[in-house]
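Student: Model the full assembly from the supplied sequences, consistent with the hints where possible.
Number of protein chains: 2
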Amino acid sequence: MAKSMSLLLGSGCPPCWRVRITLEEKLQGYRRKMLSLQAGEHKSPEVLEINPRGQLPAFKHGDNVLNESMAACLYLENRYPSKGTRLIPQTAVEQALAYQRMFEGITLNDKLNALVYYEWFVPEEERCDNESPLKRRTEVLVAELQLWEKYLQKVEPGSYLAGSFSLADVTVFPSIAYAFRFGLSVERYPKLARYYSLLKGRASIKASWPPYWMESPRGYGVLRDL
Amino acid sequence: MAKSMSLLLGSGCPPCWRVRITLEEKLQGYRRKMLSLQAGEHKSPEVLEINPRGQLPAFKHGDNVLNESMAACLYLENRYPSKGTRLIPQTAVEQALAYQRMFEGITLNDKLNALVYYEWFVPEEERCDNESPLKRRTEVLVAELQLWEKYLQKVEPGSYLAGSFSLADVTVFPSIAYAFRFGLSVERYPKLARYYSLLKGRASIKASWPPYWMESPRGYGVLRDL
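Here the protein sequences come in this chain order: E and B.
Once you know that position 168 of the first sequence is 168 in the numbering used here, the rest is easy, because the numbers rise by one and skip nothing.
Once you know that position 53 of the second sequence is 53 in the numbering used here, the rest is easy, because the numbers rise by one and skip nothing.
Hints may contain errors.
Derived DSSO-like pairs (lysine-lysine); straight-line CA-CA distance at most 30 angstroms [said to hold, decoys possible]:
#  : chain 1 : residue 1 : chain 2 : residue 2
1  : B       : Lys3      : B       : Lys206
2  : E       : Lys154    : E       : Lys200
3  : B       : Lys206    : E       : Lys111
4  : E       : Lys43     : E       : Lys33
5  : B       : Lys111    : E       : Lys43
6  : B       : Lys60     : B       : Lys150
7  : E       : Lys150    : B       : Lys33
8  : B       : Lys135    : E       : Lys135
9  : B       : Lys206    : E       : Lys60
10 : E       : Lys191    : E       : Lys111
11 : B       : Lys60     : E       : Lys150
12 : E       : Lys43     : B       : Lys3
13 : B       : Lys135    : E       : Lys111
14 : B       : Lys43     : E       : Lys191
15 : E       : Lys60     : E       : Lys206
16 : E       : Lys111    : B       : Lys60
17 : B       : Lys154    : E       : Lys3
18 : B       : Lys83     : B       : Lys60
19 : B       : Lys154    : E       : Lys43
20 : B       : Lys154    : B       : Lys200
21 : B       : Lys43     : B       : Lys60
22 : B       : Lys111    : E       : Lys111
23 : E       : Lys150    : B       : Lys43
24 : E       : Lys206    : E       : Lys191
25 : B       : Lys191    : E       : Lys43
26 : B       : Lys60     : E       : Lys43
27 : B       : Lys43     : E       : Lys154
28 : B       : Lys43     : E       : Lys33
29 : B       : Lys191    : E       : Lys135
30 : B       : Lys60     : E       : Lys154
31 : B       : Lys154    : E       : Lys60
32 : B       : Lys111    : E       : Lys60
33 : B       : Lys3      : E       : Lys154
34 : E       : Lys33     : E       : Lys83
35 : E       : Lys33     : E       : Lys3
36 : E       : Lys200    : E       : Lys111
37 : E       : Lys83     : B       : Lys83
38 : E       : Lys60     : B       : Lys150
39 : B       : Lys60     : E       : Lys191
40 : B       : Lys111    : E       : Lys135
Calculated directly from the structure, the hints in this document are not laboratory data.
Owing to the predicted nature of the structure, the values given are computational and were not obtained by experimental measurement.
Tutor: If you want it as C-alpha cells, here you go:
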C-alpha cells in the first residue's frame, strides 16, 4: 500500500516534516521527493497538479489527495491504526490531550512563522516605520513558548505531550526543533529543551531530519534573545 | 454522558459554532452558556480556568478539556462514532476529502478574519498609511473563495463537501454563513450560495444559529464588493 503513496516536501518546512514522521512511524516504502522552497519549486506544475494552493507538503495516496499536513496525518492514522505506531491514544484522557495539543501546535507554528518570516509574509509597503510589529510578534511568541513550557512542566520526564508518543508530538516537535535551530535559549526554556532532547533521537525523527540542517547545524539566531 | 459536557461559547464565533453543530448532531443534554465577546467575557476567570488562552470555545467533558474547536469535534466523533450522525466518512475516498477540506476550512476562516477584523488584529500603530493591507487581504480572500467555488462545482447538487455530511461541513459552514452575513454576493458565488442554502435548513444548524443573527439578520456589508 505504501507504494501508492507519494510525498512532495520542502526541507525544514515543519508541516512537511509532520507527514514524514507519520509515514516513518507507520509505513515503509513510500515515495518522496524533496523540493526547494527557496527556488520556488512549490509553485511548479508538479506541485500545482496536486495542490492548487502551490504549497508543500503535497501528498497522494492513489487518487486521494491530502495536502494539509494534519489532514494527511489523521488520514494515515485512521486508515492504518494498527500499522506501526498507534498515533491517537486509546484512553479518553490521553486522546483529549492529544487532540488539544495537536491543534494548539498549529498556533505555535503560526506564531513562530509570524516572527521568523515577518519580511516574507508582510510586503515592504505594509511594514511601518516603527518597531511595534516585531516587538508585538516577539511578545506573542514568548507568551506562547511560556505556555508550552508550563504544559511540559506537568509531563513526567521521558513522557510525551499526551502520555505515549502521538500525533500531538508529530505536530508540535518540528516547530520546537525549528525554534531551537533559530537560537531559542536552552537555559530559559528548560522543559522545551528536555522535550527536544527526548524526541530528537527517535528513529522516525532521525530518519526525517531536514537534510540541509545536517550540512549547517545552526540557523541564524533570530530567536536568541527570547 | 452528555450531562458531563459543558460548552462556553460566543455568539457568531465560527469555531464555537463548529462544536455546537457537532454536539447537536451527536448528543443531547449537554450544558452550554453563551458569553459576550464584545464585553470581553472570554477573558473572565470562568473561561481562563478552562482555557488559559482566554478564548472561546472552552469545552469540558468531565475533566477532559478541549478548547480548540476541531480538537473538540474530533474527540466527540472518535469517542462516540455511532451516536447520532457519523461525521468521519468510512470510505477512503470520502475520508481523505473530509480531512483535506476540514483543514482548508481553517485557512478560509483565517483569511476571512484577516479582512473582516483587520482593525481588531492589527493595532493602530502598525497600520500603514496606504491601501495595501486591505487590498492585499481582499485579493487573498477572493482567491480563497474562488477556490471553494471551484471545489463546490465538482460536488453534486444536494451533496456535501465530502459526499455525506461530515466534519468538513461542520468546520466550513460557519465561515460560509459568516461570509454571506457580511455581504458576500450570491450572484458572484453561486455554488457557495447553493451550499449555504442546502445547509442552513439542517436541524443541527438551525438549532445552533447565532442568536443575535436572528435579531439582526444582516451584518455590515464589508464583503459586498468581493
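Student: To test your reading of the hints: which numbers does this structure violate?
Tutor: 3, 6, 9, 12, 26, 28 and 29
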